[in-house]
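*Asks:* Generate coordinates for the entire structure from the input sequences, incorporating the hints supplied.
Protein chains in written order, with the numbering used here: chain A, 253 to 655; chain B, 1009 to 1410.
Note that these hints are calculated values from the structure, not bench results.
It is possible that some hints are incorrect.
What the hints assert, rightly or not - Here are the computed lysine-lysine pairs in the DSS-like style, where the Cα-Cα straight-line distance is at most 25 Å: (1) K372/A with K1204/B; (2) K1322/B with K332/A; (3) K332/A with K1266/B; (4) K332/A with K369/A.
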Amino acid sequence: MNGPLSGYRVADFTWVWAGPSCTMQLAHMGAEVIRMESMRRPCLLRALPPWPDAQPGLNRSGYFNQYNQGKRSILLDISKPEAAEIAKRLVAISDIAVENFAGGVIDRLGLGYDELKKVKQDIIMISMSGYGQTGPDAGFVSYGPAQVPLSGLSSLTGYAGWPPMHVGMSYGDPNAGMHAAFAILSALFHRERTGEGQYIDMSQWESSLAVVAEGLMDQAFNGTQPPRMGNRIQYMAPHGIYHCAGEDRWVSIAVLTDEEWQAFCGAIGQPELASDARFATLADRKANEDELDAIVEAWTSELDRFEVRDRLQAVGVAAFPPMTNKDLAEDPHLNERGFFAEKEHPEVGVRKHAGIPWKMSETPCRVWRAAPTIGQDNEYVYGELLGMSPAEIADLTEREIIH
Amino acid sequence: MGNGALSGLTVVELSRRFAASYTGKLMADLGAEVIKVEPPTGDPVRGMPPFAGGEPHPEKSGTFLYLNCNKQGVALDITTAAGRDVLDRLLATADVLVHDYASVDAGSAGITWERVHDVNPRLILTSLTPFGLSGPYRDFNAYDLTVASAGGWTTVNGQPGAPEMPPLRAFGHQAAYQAGVNAAVATMGAVVWRLKSGRGQHVEVSAQECIASILELTYVTWPYMGVEVVRYGQRPLHPIDFFECKDGWIFVLCLEEKQWRSFVEMMGNPEWAEWDVFDNAFVRASNWDVLKPFIAEFVADWTVDDLYRAAQAKRIPFAPVSTMADLIDSPHLKARGFFAEIAHPEAGAAMYPGAPYKLSGTPWELRTPAPTLGQHSSLVLGERLGMSVDEIESLRSSGVIA
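*Replies:* Here it is as structure tokens:
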């Protein structure tokens, strides 16, 4: 493994998506991430599609395999006290511990911060539950999809005059995961300078609120809730997603400045629009936005979505089609940049996974291995890292501790 | 040195597209000294709503005020030779430079790896652009809607059953936030590595890739099943949907089978719940049109809060569709001290969104409000760079600083 975190180890108690998305960032940077999983309650993502040939299987889920790239996996049923003791042995040789159970659960398992600190004095531990570890609702259960409405993002997102909407994915999860990774690395920087570990209480709800600030600040200052406006925004016009030629084909167009507006008018072959009093300034364009959007869509709907993009980008106007998964996988730009990670996996073969969204000049980051099959690294972790004998491992397996 | 996790770390921020401002904010709130360098005309975000009081004003943009707490503000024209000289002197004292300038603009302003590395070999340069610094789209123009579309997000959002309606953006500037937090993560990786190596490096973040890598299960349905995602997002299991209560909306969610069983029990074990077509989460998804009215009928008799709490008491992960007012008034968030009051000289006092995480040893904190334009120009040039009052005034009168 390489990357800036090479040499650090992470005891990974996480499951579903929020926690695993956090620890994957650490794996991306070269940390050795060891996920503890159990057959008693396998990670929910292992049970979700997509699966090759639509055939389910614990190791076949694309959802799991996408967000667990570059990690190791061991079987350990931490609901059993003896297993919790083994987990502590792993913590004792780790730098970071991450968990995302509902508030209070990790303490009941005997693996709270106070316990972990006893075996690794400078451990950095983060809990990333839905509601945080304190407060009247700390014990509530939450998953990423629920964070979208809970954080208010749903009440702000949607077409004008329509009901609140989701945002199309379980956004609370990756958002929490990235914020957690930042908090961990900040704590690691502190530890390297002072020798002090610490505990981080993270609430997925609160990290979701951190990205809803445009709505919260309106409420805080003005006591108003911004209305749902579809794709429109107060400070840009045109600003929308417009029909293109073909079924369900669209393009996004966003114009901020008057210069961009003039360039846009030229590109669509209607330079006279630029001096049309209905559209000359942002205020004019906002006042006549329905008319404006009709003109834009009359032009886009005759054209291929990528042609619209290229014609507008050629004159400096921000335009891009909403990409489908197929579009992304085949995108010449992403492929040329080497964005995709394609590592051999024992059960699903080579699949084109989304890779690492950053590049580093001195410590290149790469996905070194596909997501683990469940328990793939039992031998390495129990044998090599924890020094257990094969007989000991067999006994623990027999008694469903390693299970 | 203060008591934040990043105390002692100096970050210079050049931002005009939200994203690098969020990176700077994340670092400033954990104690880094962040010097925000704006052009004398100000960060364009100063012109973006919501405004305190409703009327546009460069010191009253709620978004700007939120993103720039805890920072020092320098107004400096880095397109002039004198301005660039000041920037270089700043960079010589800094640990990190984070920017979200388009690569062509960064190049003409001298913000290139070759040049800044020459000025300070220990400096970490984080370049945050819509499409990265290489590849055919590197010079494409993009705003938040553009990146959310190019990354594949808007495709999976939209109202089911309404194909005439367009794919939809999420509220706010979510692509910028994701790019900003990714940049913060990658930057901290470089900061940690520098402790051992003593060397800076160039971190390059593509906002498009930040979105393309968080598309839940929708992206992988292509490489795993050869299925192109539907525009409205596929829900492989149900219930995951909005329902209307007596007094507002609630989000009904049962991810695990035991949660569904508990919900059925809550509904009084109706006969329909035993039908084969609702037997598991996947068939419930296939038959969602049939199931939805049954649930709607049950939900309609409840208030949001009663149903939310009754479900949570059975460990079913329902959530209210919070309004902004609900959030500011939330007893749980109040008990955790989430919102933090900050007074700003022009915009006044307000409750700002607070800590996304609580670090036990090195607290997250809001110390100072966002800087007014050029508020710390003299301070930073004088105290940090040791420039004389005359030098500073000369730069001011020639318009290099404000």
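*Asks:* Next step is simple, just say for each hint if it's right about the structure.
*Replies:* So, going through the hints one by one against the coordinates:
A threshold of 25 Å between alpha carbons decides the hint, and for K372/A with K1204/B the separation of about 22 Å falls inside it, so the pair holds. Restraint check: the Cα-Cα separation between K1322/B and K332/A comes to about 24 Å, which is no more than 25 Å; the hinted pair holds. Between the alpha carbons of K332/A and K1266/B the distance comes to roughly 21 Å, so the proposed pair stays at or under 25 Å and holds. Taken as a hint, the K332/A and K369/A pair is honoured in the structure, with Cα atoms around 20 Å apart against an allowance of 25 Å.
Checked against the numbered hints given earlier, the structure satisfies every one of them.
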